[in-house]
Amino acid sequence: MTVTHTYDALVIGAGGAGMRAAIELSDRVKTAVISKLYPTRSHTGAAQGGVCAALGNTEEDHPEWHAFDTVKGGDYLTDQPAAQLMTDEAVDAIYQLERWGLPFNRTPDGRIDQRRFGGHTANHGERPVRRACYAADRTGHMILQTLYQQCVKRDVRFFNEFYCLDLLRTPGGATAGVVAYELATGELHVFRAKSVVFATGGYGRMFRVTSNAHALTGDGPAIAYRRGIPLEDMEMFQFHPTGLARLGVLLSEAARGEGGIVLNADGERFMERYAPTIKDLAPRDMVSRAIYQEIKEGRGGGPNGDWAYLDITHLDPRVIEEKLPDITEFARIYLKVEPTKEPVPIQPTAHYAMGGIPTNVDGQVVLGADETVVPGLYAAGECACVSVHGSNRLGTNSLLDLVVFGRRAGADAARHAAEAPLEPLPDHPERETLAVLDAILTRDTGDNAADIRTELQDAMFDLAFVVRSDEGLSKMREILNGLRGRFDRVAITDKGAVYNTDLMETVELGYLLDCAETLVAGALVRTESRGAHYREDHPLRDDANWLKHTLAYREPDGSVRMEYKPVKLGPYVPMERKY
Amino acid sequence: MASATAADVVNSSDARAVGAARTTITLQLKIRRFNPEVGDDSWWDEFTVECDPLERLVEVLHEVKWHHDGTLSFRRSCSHGICGSDAMLINGRNALACKVLAEDVAPKVTIEPMRGLPVLKDLIVDMDSFMDGFKAVLPYLINDSGEPDKERHQSPEDRARYDDTTKCILCAACTTSCPVFWGDGEYVGPAAIVNAHRFIFDSRDEAGRERLKILSEKTGVFRCRTTFNCTDACPRGIEVTKAIQEVKRAILFERF
Chain Y
1 MTVTHTYDAL
11 VIGAGGAGMR
21 AAIELSDRVK
31 TAVISKLYPT
41 RSHTGAAQGG
51 VCAALGNTEE
61 DHPEWHAFDT
71 VKGGDYLTDQ
81 PAAQLMTDEA
91 VDAIYQLERW
101 GLPFNRTPDG
111 RIDQRRFGGH
121 TANHGERPVR
131 RACYAADRTG
141 HMILQTLYQQ
151 CVKRDVRFFN
161 EFYCLDLLRT
171 PGGATAGVVA
181 YELATGELHV
191 FRAKSVVFAT
201 GGYGRMFRVT
211 SNAHALTGDG
221 PAIAYRRGIP
231 LEDMEMFQFH
241 PTGLARLGVL
251 LSEAARGEGG
261 IVLNADGERF
271 MERYAPTIKD
281 LAPRDMVSRA
291 IYQEIKEGRG
301 GGPNGDWAYL
311 DITHLDPRVI
321 EEKLPDITEF
331 ARIYLKVEPT
341 KEPVPIQPTA
351 HYAMGGIPTN
361 VDGQVVLGAD
371 ETVVPGLYAA
381 GECACVSVHG
391 SNRLGTNSLL
401 DLVVFGRRAG
411 ADAARHAAEA
421 PLEPLPDHPE
431 RETLAVLDAI
441 LTRDTGDNAA
451 DIRTELQDAM
461 FDLAFVVRSD
471 EGLSKMREIL
481 NGLRGRFDRV
491 AITDKGAVYN
501 TDLMETVELG
511 YLLDCAETLV
521 AGALVRTESR
531 GAHYREDHPL
541 RDDANWLKHT
551 LAYREPDGSV
561 RMEYKPVKLG
571 PYVPMERKY
Chain W
1001 MASATAADVV
1011 NSSDARAVGA
1021 ARTTITLQLK
1031 IRRFNPEVGD
1041 DSWWDEFTVE
1051 CDPLERLVEV
1061 LHEVKWHHDG
1071 TLSFRRSCSH
1081 GICGSDAMLI
1091 NGRNALACKV
1101 LAEDVAPKVT
1111 IEPMRGLPVL
1121 KDLIVDMDSF
1131 MDGFKAVLPY
1141 LINDSGEPDK
1151 ERHQSPEDRA
1161 RYDDTTKCIL
1171 CAACTTSCPV
1181 FWGDGEYVGP
1191 AAIVNAHRFI
1201 FDSRDEAGRE
1211 RLKILSEKTG
1221 VFRCRTTFNC
1231 TDACPRGIEV
1241 TKAIQEVKRA
1251 ILFERF
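Protein chains in written order, with our numbering: chain Y, 1 to 579; chain W, 1001 to 1256.
It should be emphasised that the hints constitute simulated quantities derived from the structure, not laboratory data.
Ideal placement from N, C-alpha and C gives every residue a C-beta, glycine not left out.
Be careful, since some hints might not be right.
Computed cross-link-like contacts, EDC-like style, restricted to lysine to aspartate or glutamate with a CA-CA straight-line distance of at most 20 Å [to be verified]:
no., chain 1, residue 1, chain 2, residue 2
1, W, 1167, Y, 329
2, Y, 495, W, 1045
3, W, 1135, Y, 155
4, Y, 153, W, 1045
5, Y, 341, Y, 316
Listed next, with one range per pair, are the computed distances between beta-carbon atoms [said to hold, decoys possible]:
no., chain 1, residue 1, chain 2, residue 2, range
6, Y, 424, W, 1150, 15 to 21 Å
7, Y, 470, W, 1042, 51 to 57 Å
8, W, 1254, Y, 317, 35 to 41 Å
9, Y, 493, W, 1254, 57 to 63 Å
10, W, 1118, Y, 447, 34 to 40 Å
11, Y, 317, W, 1028, 38 to 44 Å
12, Y, 154, W, 1226, 32 to 38 Å
Could you put the whole structure together from the sequences, leaning on the hints where they help?
Structure, rendered in structure tokens:
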């Protein structure tokens, strides 16, 4: 049985970007949010340190300084007009969150308090600046809760634990709706709509060590990719330097913003050598690479010599208690280490996808170098690539991205839904989805999805992580071919209709494989080092050949075809990136 | 910093963080199962898993699901205590499975769904009535006095007043550990009161009186019997019972 629903607009995903878009939409057109998780389970809630805007509440600051830092932090792959727009709109976006009740920490005179964060500087790199607005180390939690509260207030229609499995497009390429699977019943639902906003988050679960939730499997990008949408800059994946050792659980950069430092196994504050001006507050790609260099030169700690240490023992215990309570608890619970007394073992952890579904600054999904708009299709948040983060996102700019571009995508999706007609659905819109699910459900013997996922995560961690090479990536491509073959023979135990999470995890694995294939393809062709993408066989940035975005298209045989589009430049001329 | 000393300190924290990786322990899991497609009654299954002593219980459940029985169903997402998906009854006590380590419960652990909400499958319960309780207390900032151009001001002291209750992740561990909530379908439960408290004591909010009125009704705070189960169960360390007492006092004395 398939149920058909009709809305003006659909939002796929109920994290920060999705709910921000839904708030914008629901006041104007008939809107539904489809989410595989209850909204407050979304991973926006795990963001910790802050959300940046040049409010200038504690010292002089300007949106233009923020724009410069964002472009330089992205190693000039950032589209400069988009970064300028985001940093300009940042100020009002933060005030809006405050007016909706977000409990920011406050200055003594009652304004929103701000603190330092990696790569955010005064006057184009002179010194660190206090730009991150925060609520202890729970800023993402507060944003997620506040946005959900506003959705409750507006009585936004949620389809919780509905898993979007397909995007419906007309033969001419316009958006017609989506197909979703109801986890509680196993029923397929066809949702007709004029506008569809993808806000499904990232895909860090392709790596063994990651800060990402289990749910982050690249659903939106993979669904779009299978329906002819390219994926932009997939090779640009951020590895956050301070993940809890072994687990990858995030320890916020705010720890360093408040004065924490990173040590090697000799107890040396090695960032003084790599970034003499801003030291431990260098952007994430540089700190992660520095940790790998220390490891390579034999100064890593831990059982395999691949750990470094986050030291906050010298901070005032009150600062730790009031501003970093959650991350100290993580260290205590999961590593049995007392952060007020001893350095915490850390290692770089797969954290954030700079790449994703290509959009313009209104969240419209765009195709090719000439950026042809796909009518009615939108993306926002981590699953999208605007591109404001270029090849390396600055800390706190992700929360900013999702409120600024979540709002813009929602507003334009509402405009489109008000103007455009409902597109006709294809005949049997659910047929292809049903075939995919049936193939998995009816196979009685075959490969184990969990084993394939584990092998994917191990190999991606070894071969496509902080340090990459042609040799390693080529090997990874071979491994992916093998895993893809095995995935096509996966069999699961649960054949039921009610909460078949066995089936859902298998579908998720397929999405992860799509994302991994495009990531590796991008990393192989990009024969330079830029931002988070470091090729030890091409260690320098190559603006002559690579000041451009990659666009990965899926060919009918499943292989990846690459196209390119130029970076939108602006006032900031690419220069060597030093801190 | 003298590097020899620093290295010594560094190495001392290694020992515990690694400790785990060297040996494994055996954990026996006894899990209450239910599947409406199988039958009306629940049953018990037992599994034995070798794991790292510092392994999170939710990951042990994954091991069971991925290599013993793929039909085992439970909710989870972030795996580090932030998303609130994996609250369950662990050895008779509500907790998030991602904040319990194997060594904390070894050699044997009993896992059941949270009580007081309808079980849909295995460890998955129907959250709708829980969320309805949350929505009933007007869980959003209400302030009709006009919006400032910039931010509203709030002193650090006023901000601190409601800090504790902003930590709620809506996991339902408190509400489903409350004997009053089990006993009747009417009580809004601790989590809803925690979220009401978060706004009642926020100096920027103007609808405290309205929420207090809702909570003074027969489904509200006076059903609380102060058993402290909720406070014990909260994985975020919120002093839930204290928050409920503060709401009760505010109703009695109209002071907030």
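Quick rundown of the hints versus the structure:
1. Taking the CA atoms of residue 1167/W and residue 329/Y, the gap is near 14 Å; set against the 20 Å cutoff, the hint holds.
2. Taking the CA atoms of residue 495/Y and residue 1045/W, the gap is near 19 Å; set against the 20 Å cutoff, the hint holds.
3. As the CA atoms of residue 1135/W and residue 155/Y are separated by approximately 10 Å, the hinted pair is consistent with the 20 Å bound.
4. Under the criterion of a C-alpha separation no larger than 20 Å, the hint pairing residue 153/Y with residue 1045/W is inconsistent with the structure, at around 43 Å.
5. For a cut-off of 20 Å, the pair hint linking residue 341/Y to residue 316/Y stands: about 12 Å separates their Cα positions.
6. With their beta carbons about 48 Å apart, residue 424/Y and residue 1150/W fall outside the hinted range of 15 to 21 Å.
7. Restraint check, residue 470/Y to residue 1042/W: a C-beta distance of roughly 55 Å satisfies the suggested window 51 to 57 Å.
8. Checked against the hint of 35 to 41 Å, the pair residue 1254/W and residue 317/Y passes, with Cβ atoms roughly 38 Å apart.
9. Range check, residue 493/Y to residue 1254/W: about 58 Å between beta-carbon atoms, so the 57 to 63 Å window is met.
10. About 35 Å separates the C-beta atoms of residue 1118/W and residue 447/Y, a value consistent with the hinted range of 34 to 40 Å.
11. Checked against the hint of 38 to 44 Å, the pair residue 317/Y and residue 1028/W passes, with Cβ atoms roughly 40 Å apart.
12. The hinted range of 32 to 38 Å is satisfied by residue 154/Y and residue 1226/W, whose Cβ atoms lie roughly 36 Å apart.
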